[in-house]
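Engineer: This is what each chain is made of:
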Amino acid sequence: MTQPSDISSARKHETLVIMPAWNEAEVIGTTVREVFEYGPECDVLVIDDGSRDNTAALAGEAGARVLRLPFNMGVGGAMRTGFKYAKSHGYTQVIQVDADGQHDPRDIKSVLDGLRDADIAIGARFADKGTYEVRGPRKWAMGVLAWSLSRIAGTRLTDVTSGFRAANEKAIRQYVDHYPAEYLGDTIDSLVVAVRSGCKVRQVPVSMRERQGGQPSHDPIKAALYLGRSGLALLFALTRKRSTPSTN
Amino acid sequence: MALIMGLIVVVAILIYVFEMLRRQKLREKYAVLWIIVGIGTLILSIFPQLLDQASSLVGIQIPANLLFIMTLILLVGVCLHLSHEQSQAEDEVRILAEEVAILRSDLQDLRALRPPESRDAAQHPVANGRPVADK
Ligand SMILES: Nc1nc2c(ncn2[C@@H]2O[C@H](COP(=O)(O)OP(=O)(O)OP(=O)(O)O)[C@@H](O)[C@H]2O)c(=O)[nH]1
Ligand SMILES: [Mg+2]
Numbered sequence: 032m033t034q035p036s037d038i039s040s041a042r043k044h045e046t047l048v049i050m051p052a053w054n055e056a057e058v059i060g061t062t063v064r065e066v067f068e069y070g071p072e073c074d075v076l077v078i079d080d081g082s083r084d085n086t087a088a089l090a091g092e093a094g095a096r097v098l099r100l101p102f103n104m105g106v107g108g109a110m111r112t113g114f115k116y117a118k119s120h121g122y123t124q125v126i127q128v129d130a131d132g133q134h135d136p137r138d139i140k141s142v143l144d145g146l147r148d149a150d151i152a153i154g155a156r157f158a159d160k161g162t163y164e165v166r167g168p169r170k171w172a173m174g175v176l177a178w179s180l181s182r183i184a185g186t187r188l189t190d191v192t193s194g195f196r197a198a199n200e201k202a203i204r205q206y207v208d209h210y211p212a213e214y215l216g217d218t219i220d221s222l223v224v225a226v227r228s229g230c231k232v233r234q235v236p237v238s239m240r241e242r243q244g245g246q247p248s249h250d251p252i253k254a255a256l257y258l259g260r261s262g263l264a265l266l267f268a269l270t271r272k273r274s275t276p277s278t279n
Numbered sequence: 448m449a450l451i452m453g454l455i456v457v458v459a460i461l462i463y464v465f466e467m468l469r470r471q472k473l474r475e476k477y478a479v480l481w482i483i484v485g486i487g488t489l490i491l492s493i494f495p496q497l498l499d500q501a502s503s504l505v506g507i508q509i510p511a512n513l514l515f516i517m518t519l520i521l522l523v524g525v526c527l528h529l530s531h532e533q534s535q536a537e538d539e540v541r542i543l544a545e546e547v548a549i550l551r552s553d554l555q556d557l558r559a560l561r562p563p564e565s566r567d568a569a570q571h572p573v574a575n576g577r578p579v580a581d582k
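These protein sequence lines map, in sequence, to chains A and B. For the first sequence, position 70 (counting from the first letter as 1) is numbered 101 according to the numbering used here, and the numbering increases by one without interruption. For the second sequence, position 120 (counting from the first letter as 1) is numbered 567 according to the numbering used here, and the numbering increases by one without interruption.
Rather than coming from a laboratory, the hints here were simulated on the basis of the structure. A couple of the hints might just be wrong.
[Stated by the list, open to error] Label pairs and their calculated CB-CB ranges: (1) B/547 with A/277: 23 to 33 Å; (2) A/186 with B/557: 45 to 55 Å; (3) A/170 with B/555: 50 to 60 Å; (4) A/61 with B/518: 52 to 62 Å; (5) A/277 with B/535: 21 to 31 Å.
Note that the Cβ used here is the ideal one computed from N, Cα and C, for glycine as well.
Generate the whole structure from the sequences, applying the supplied hints.
Structural biologist: Set out below in structure tokens:
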């Protein structure tokens, strides 16, 4: 045991699955149970982001540890909380998994394996596996983002907005230091700054499933807005200073 | 001369905004606003004739008046936006205070529940009967 502090006794495994969830009562129970069943040995942390339904209770019943945020902070804010939790409890690797069941728990292991020769591993949807499809402006935006981030990271990335990503201890420390809560900042900005600060990224092909229930978050108008905002997010990311995470 | 002065001021403000962004002292949502304002002013100070054309288009005799009106509207907009953000922040602080108060009373209840001798036993997770994170 590296940390004799009292809080580390809540940790049973070395790996933490972080699941941001907002009004996902319909699916959260199944998703958590599936992670325990098909995923590797791990603890599951559900960050309930001010849900108006009983997401938190259902997640707890399914065996997850639940953090309830008192108001909605967005995926970025929720993930920050998760990374802080992971750091203070001494987890050596974390992986973000969507609460809506779109990330196949059977892929968790292969994404985590990506950490063997990288600090951040991204489970990518379009890497010739699975049938998930997006169209229109959102697709173009994703293409441009993928191209520019591939150049920055120095490796081929096809799905940079994927929330299915794993991080090792170094990347956790980096994320705690810099992980914007803004829309799209959580995926794009955090990645750019992590790469600049010396984290190595690689992608792992995964298949993406349909939403297992609940409401999809993107309607066509939002999809068009997505194009502009993602460009902006990239622009902002490029202006950032590289960060030097605290060592404690 | 006045043109160059204006240019210098605008460019300085834009650089300042970008530097704050870079150091993460400014959230994106505010930055977007200031960058738009900055670029607009920049264009106007490079091409002052734009202002003349615009004012004759809207039917305002003195171009400077158009500038004043635009500035006023903009500033009112910014103030409204900030008031909105401030209210939201106050709301969130209030919610946090409520949570802390409830947590504190819960903690007190927990402390009171625990018999005194187990209190030092809590220093050793094993004695406390809880699972120990072992490697
Ligand atoms: N903490 C938190 N989580 C959120 C919020 N909005 C969405 N989520 C979660 O983030 C994950 C992904 O959200 P989705 O709405 O599925 O987004 P998506 O997968 O990009 O898009 P879809 O095609 O609609 O599925 C899910 O686990 C959601 O519960 C939020 O405001 N806060
Ligand atoms: Mg989804």
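Engineer: The structure should be examined with respect to each hint, and the outcome stated for every one.
Structural biologist: Structure-based check of all given hints:
Distance hint for residue 547 of chain B and residue 277 of chain A: a CB-CB separation of about 25 Å, consistent with the stated range 23 to 33 Å. One distance hint, 45 to 55 Å for the beta-carbon pair residue 186 of chain A and residue 557 of chain B, holds here, with the actual separation near 49 Å. Range check, residue 170 of chain A to residue 555 of chain B: Cβ separation about 55 Å, and the 50 to 60 Å hint holds. Remark: the range hint 52 to 62 Å for residue 61 of chain A to residue 518 of chain B is upheld by a beta-carbon distance near 56 Å.
Our hint of 21 to 31 Å for residue 277 of chain A and residue 535 of chain B holds, since their Cβ atoms are close to 29 Å apart.
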